[in-house]
Amino acid sequence: MTNYVPTIGIEVHVEVKSKSKLFSNSANTYGMATNTDVNVIDLGYPGTLPTINKEIIKQGIRAAHILNCNITHKMHFDRKNYFYPDNPKNYQITQNRTPIGTNGYVEIEVDGIKKKIEIEEIHIEEDTCKSAHRGNVSLLDFNRAGVPLIEIVTKPCINNSKEATSYLTKLKELLFYANISDCKMEEGSMRCDANVSISKDNTLGVKTEIKNISSIHNVGLAILEEINRQKEILESGNTIKEETRRFDDKQNKTILMRVKETGNDYRYFIEPDIPYLELTDEFITDALKTLPLLPDELREKYKKIGLTPLQIEKIIANRALNSYFLGLLEYKTNYTIAINLLLSDIASYLNKHNKLITDTNLTYDKLVTVINSLESGELSNKNIKEIIPSLMETDKTLEQLKDEFNIKNITDNSFIKDIITKVIENNPDSVNDYKNGHDRAIKYLMGQVMKETKGSVNPKIANDLLIDTLNK
Amino acid sequence: MDKLSREEVLHVAHLARLSLTDEEIEKFRVQLKVLMNDIDKIKEVKDYDDEEMYTPVDTNARLREDVVGEMLNAKDAIANAPCKNGNFIEVPVMINE
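Chains as they are written, first to last, in numbering that gives the first Met the number 0: chain G, 0 to 471; chain P, 0 to 96.
Please note that a few of the clues may not be correct.
[What the hints assert, rightly or not] Capping the alpha-carbon separation at 27 angstroms, the derived lysine-lysine pairs in DSS-like fashion look like this:
1) K303(G) with K331(G)
2) K74(P) with K18(G)
3) K154(G) with K79(G)
4) K471(G) with K453(G)
5) K74(P) with K88(G)
6) K416(G) with K313(G)
7) K395(G) with K381(G)
8) K129(G) with K74(P)
9) K416(G) with K442(G)
10) K32(P) with K79(G)
11) K42(P) with K73(G)
12) K79(G) with K42(P)
13) K18(G) with K154(G)
14) K407(G) with K365(G)
15) K252(G) with K230(G)
16) K40(P) with K79(G)
17) K83(P) with K129(G)
18) K302(G) with K114(G)
19) K18(G) with K171(G)
20) K206(G) with K169(G)
21) K88(G) with K83(P)
[Claimed, not checked] Chain P stretches covered by chain G per the calculated footprint, using a threshold of three residues with CB under 8 angstroms from any CB of chain G:
22) 11-19
23) 60-70
Read the hints as simulated data drawn from the structure, not as lab findings. Please read these numbers as outputs of a predicted model, since none were measured by experiment. Where is the CB? At the ideal position from N, CA and C, for every residue including glycine.
Turn these sequences into a full structure, and let the hints steer you where they fit.
In structure tokens form, the structure reads like this:
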């Protein structure tokens, strides 16, 4: 087969987080009973007027900023006209001519090579109602109608499926961290469409659009399959038709969908019910004030305090825990112990009980005393496993918990040394074994030390002292 | 006489989800062309693209605070729908039309 160069553009819709909807004050939420999260504006009743939710404009500004876009200062909304039962107004309010952000980029890295995926524009629009198809009828639930969306459109600058999935992973991470969207593809709060064409030269081939792909992984598969399908058509001497397709992950192929309106058929015109919106610099600065540190900034910060790449990725993957850890950095303590504790015992406690760390009683002061005790050896990792539930669920201090769990880790070296001397005297055979190079003998001797002390000495300290004494 | 093609009329009719008789198609080939000529005349106006022409008010859009208000119950929400199914509004199937 001849070599074809694929050209791919991606459109992503994300549901934006806010309390109320974009143009009405019904709740912007998920999972309410059918047709209860609606008002007359969402239902498109005649005589109703849309009003812009301030928070969504701020979210749009934040999205434009983190995607390195120019922020549009003077904008308006447009009507995109089409007849379809998912939208009883017969138009969707969107931004066609003055999108809130233009000309941005997201930097990705594929196989060690960095590339900027260029963003054409991002705009704000309202979602339509949700439809379920049953035989020869469709059932409509308007709870989703009017939910705020941001659409992010790349330039046709993506050349393969790896770049596409890498871009989407990065985009999702950014929007999630900036608290703009939950980006839950399984709940539909992030949806992807891919435009794919192939060509042998520098001209662009005829593109097809694959709609509503259900996961980032499937975007990669759908693009691969669509490239193959187009290659086969061209190689057999036929031409590609511009059409909308969907990806069926069970059959692993793209399937032709109904042909819908495109381009001019939408007859865009300016939404006359909403005046122009001009953003002041002050308003923009104010919107950006609440942006948290973003993943790449966090990676830099964590590298500086000595976290390993694995620890960095693990903590970033857990936004709630990450935000807690960021707070801990205000305290002077051992961050290596802290991150190990957070990612192991604390994380498994939280997972097991399906809790966020902010729902527990683990204050920073309490955690710092725990970290310090671990560092000094007053507390062992085994102790942590015992006290974790009480540490998280009660407001008892570490001292109180040590009493309650009878934790008396002896860090007094002279006491431990006495025990070690006694163990060495009582076990001359094992000592000889050790001296003859049988390293396993040390385990037996350590076991005797722990038995003598009823497990109340810090094992690491005892182990070090034992080896020290034996080597003398 | 200057008129639209049959296909153009059918395309516009499809966008409005209207079905037309042959007679109507012929009628609209003429009428829609007259309308389009008038619109072309409007487009000749020099300030057609002037943003001031689009909005009747020159005040900045007022932004609403992000606060949740009252919502309808399902019964009221679907009260005016011609066809219901439980608390859903029912319409002819939207796919494979």
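Comparing the hints with the structure gives:
1. K303(G) with K331(G): holds (15 angstroms)
2. K74(P) with K18(G): Roughly 24 angstroms between the alpha carbons, so the hint for K74(P) and K18(G) holds.
3. K154(G) with K79(G): Within the cut-off at roughly 21 angstroms; holds.
4. K471(G) with K453(G): holds (26 angstroms)
5. K74(P) with K88(G): holds (20 angstroms)
6. K416(G) with K313(G): violated (40 angstroms)
7. K395(G) with K381(G): With Cα atoms ~19 angstroms apart, K395(G) and K381(G) stay inside 27 angstroms; holds.
8. K129(G) with K74(P): Answer holds: K129(G) to K74(P) is near 18 angstroms, not above 27 angstroms.
9. K416(G) with K442(G): The given pair, whose Cα atoms are some 17 angstroms apart, holds under the 27 angstroms limit.
10. K32(P) with K79(G): holds (23 angstroms)
11. K42(P) with K73(G): holds (24 angstroms)
12. K79(G) with K42(P): Answer holds: K79(G) to K42(P) is near 20 angstroms, not above 27 angstroms.
13. K18(G) with K154(G): violated (32 angstroms)
14. K407(G) with K365(G): holds (18 angstroms)
15. K252(G) with K230(G): The hint holds at about 14 angstroms.
16. K40(P) with K79(G): holds (24 angstroms)
17. K83(P) with K129(G): holds (15 angstroms)
18. K302(G) with K114(G): Holds, at roughly 23 angstroms.
19. K18(G) with K171(G): At roughly 21 angstroms apart (the allowed maximum being 27 angstroms), K171(G) and K18(G) satisfy the hint.
20. K206(G) with K169(G): Status holds; Cα separation ~25 angstroms.
21. K88(G) with K83(P): holds (19 angstroms)
22. 11-19: That given contact holds, which follows from 3 residues of the segment 11-19 of chain P lying within Cβ reach (below 8 angstroms) of chain G.
23. 60-70: holds (count 11)
The structure is inconsistent with the numbered hints 6 and 13, although it conforms to all the rest.
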